[in-house]
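Student: One line per chain: the protein sequences are E and D, in this order.
With this note's numbering applied, the first sequence corresponds to residues 184 to 285, in that order.
With this note's numbering applied, the second sequence corresponds to residues 19 to 646, in that order.
Read the hints as simulated data drawn from the structure, not as lab findings.
Ideal Cβ positions, reconstructed from N, Cα and C, are used throughout, including at glycine.
Any given hint could be a false lead.
Which chain E residues face chain D? A few, computed with CB under 8 Å, are given here [claimed, not checked]: (1) Val207; (2) Leu208; (3) Lys273; (4) Leu275; (5) Asp276; (6) Ser277; (7) Asp278; (8) Ala280; (9) Met283.
Given next are the chains, with one letter for each unit.
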Amino acid sequence: METIAVEYGLVLAGTLFALGLISVLVRRNVIFMLISVEIMLNAAGLAFIVAGARWGQADGQVMFIFIVTMAAAEVSVGLALILQIYHQLKTLDSDAADKMKG
Amino acid sequence: MIHLLWLIPTLPFLGALTLVLAGSSLPRRIAAIIGCGSIGLAALITLLIGYEFLTTHTRAYHDVAWSWFAVADLSVGFSFHLDALSLVFLFVITFVGFLIHLYSVGFMHDDEGFTRFFAYLNLFVCAMLLLVLADNLVLLYLGWEGVGLCSYLLIGFWYDEEKNGYAARKAFIMTRVGDTALAIGLFMLFGVFHTLDIQEILTKAPQLWSPGSQTATLIAFLLLGGAVGKSAQLPLQSWLPDAMAGPSPVSALIHAATMVTAGVYLIARMHGIYELAPLAQLWVGIIGAITLLIAGCSALTQNDLKRVLAYSTISQIGYMFLALGIGAWSAAVFHFMIHAFFKALLFLAAGTVIWALHHEHDMFNMGGLRKRMPVVYWTFLTGAGSLAAIPLVTAGFYSKDQILWLAWGGAQGNLWFFVAALTGAFITSVYTFRMVFVTFFGEEKTHVGHHPGRLMNVPLIVLAVLSLAGGLIELPHTLGHVTLMSDLLGPVLPSTVLRAGAESSEIVIQLIAATVALSGVLLAYILYIVKPAVADDIKSSCYEVHRLWYAGWRFDDLYNVLIVRPFVWLSQINKHDVIDRFYAGLVAGTEYFGRTFARTQTGVLRWYIMGITAGAVLILALSLVINP
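Construct all of the structure, not just a fragment, from the sequences and the given hints.
Tutor: The following block contains the structure:
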């Protein structure tokens, strides 16, 4: 079976991670921020898969399943929080939720 | 009877307690009866105990009245030790104290603080009795501080006037300097002997230390420091003249007859240590000699009747220190007793004069009182004669002559001590009779307001008799040879060794001393009766010296520059808490950083993410750099 060089996989994972991070930083809509966090999680998962394939170990895939599970839990909590934010502030702008200012 | 010893300090204490608790609700009559009665009873018991002590030839009587505290292997009790030395002090304190209490009833009659006065006075007597009866140094120290406290309370008795409060604080603080030295001395004694029992220390000391041992010398000097403070000797003497701000009976009892001689008692009591520390003992003598001279010079120039007497007290205690310094232990105690009689008498008589002339203290505004107040005149004259050591008739002659003779003929005496003592004797008789002539002779300058009643006259007369007859208990070889006093003290205090071959010169010394005393009187007579103009001439031609002596050799100014001002300066700086500044800085820094970082807490989510990212990048970068 033709294998893809590990570098390509890692570069793709890194690019995805950077894209996700940047969009978390620049987006103000909390739903988009949540999606971006999902992208970052999947980028990390991809890096695990690539590394697992490179060394021929199952650990990478185990970690990926962990990440997916955690992402599901995170999304459920995150969506609940977003609903609450929307109820309270009538907006999805994260900058509006700055009441905890020191 | 002797088992009633514990009652002697207890009675004045109960008196003080009653007077304090009952306060001013008591009528004056009852307060006077309680105040005088407690001391009177104590005096009576002292008399009975003294009689039994002497007839049964007891060496020492020991009595544990009560346990005070016990810590580890140290147990301190209210335990009393009665021997000849404490008996003499006991006698003087209770008897002279009783006479002064009686006198005070008349003197303080119209004062608002009548009850308070007797409460303090009783408390003082109690503390002083504890001091001389204590068998351990802790109890002695309790009495020592107790008399200091009462002295403070009584100097500032008329606290309405600011200068009285100032004088009280000065006395308290200056004696405290000495007391600190004493306390350190006691700590060191405990460190060496593991006990503070006086008799035990005195027995163990010669076994532990060889003569001239460094520790012994150090401890002796520290004890001397305490004695110097309490007894107003050089260099801590300047509080006593100011202490005259108190009522005259207080000056008589505390600042002449009893408290100021506590230093003499301490050194006499701890004589065993001074015998092992010849250097310290020599310094006791040197301090005494210098003090008696400088205080005498200051007494020559004072105008305030009571200040003359105050400087004279310093000077006479100087004689006692000189006697202690040359190992003439019993001579010092003898002079203490006689001095208590005549100095209490002089203060009481001076108090009467001041009282009769509406608080006029300046003796140059008095004059001519000889005919106006005959009882006071004759008793004052007796006391003055005793102070000036008029030969043969007065007790002061016998006690002072003994010191003069031993300063010359004693094994530890020397020419310098003798010359100082002799010069001092001359100065003493000059200032004493200056006082007599100026106050009682000449023309009347201030009208006598009220005349003293019997309550004030009787103590004067009794003390006058004692100042004359007191000397008969100890007469020198050349005049009758009576040695009741030194025989009594023999078992407690070692006798003085005479220098070989000096015995024959005793009569010569006595003649010299007598001549000196009489010529002093003559000089005062010439200067203040025959040719008063000459005295003024001398005063104006030696203006600077006069001013120096008048200000007590400017010791106050010296201490002001050396100690008070630097201390005030330091306090001024420290008013702004120099040391606290470090902590204040710490607080300010924490607050500053807290406020700065609190500003980063914007509440904006994206800033936090930015922070986390930057932090993660930084840590990753660092881990790459440090651990490549």
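Student: Among the hints numbered above, which are violated by the structure, and what are their numbers in rising order?
Tutor: Numbers 3, 4 and 5, in rising order.
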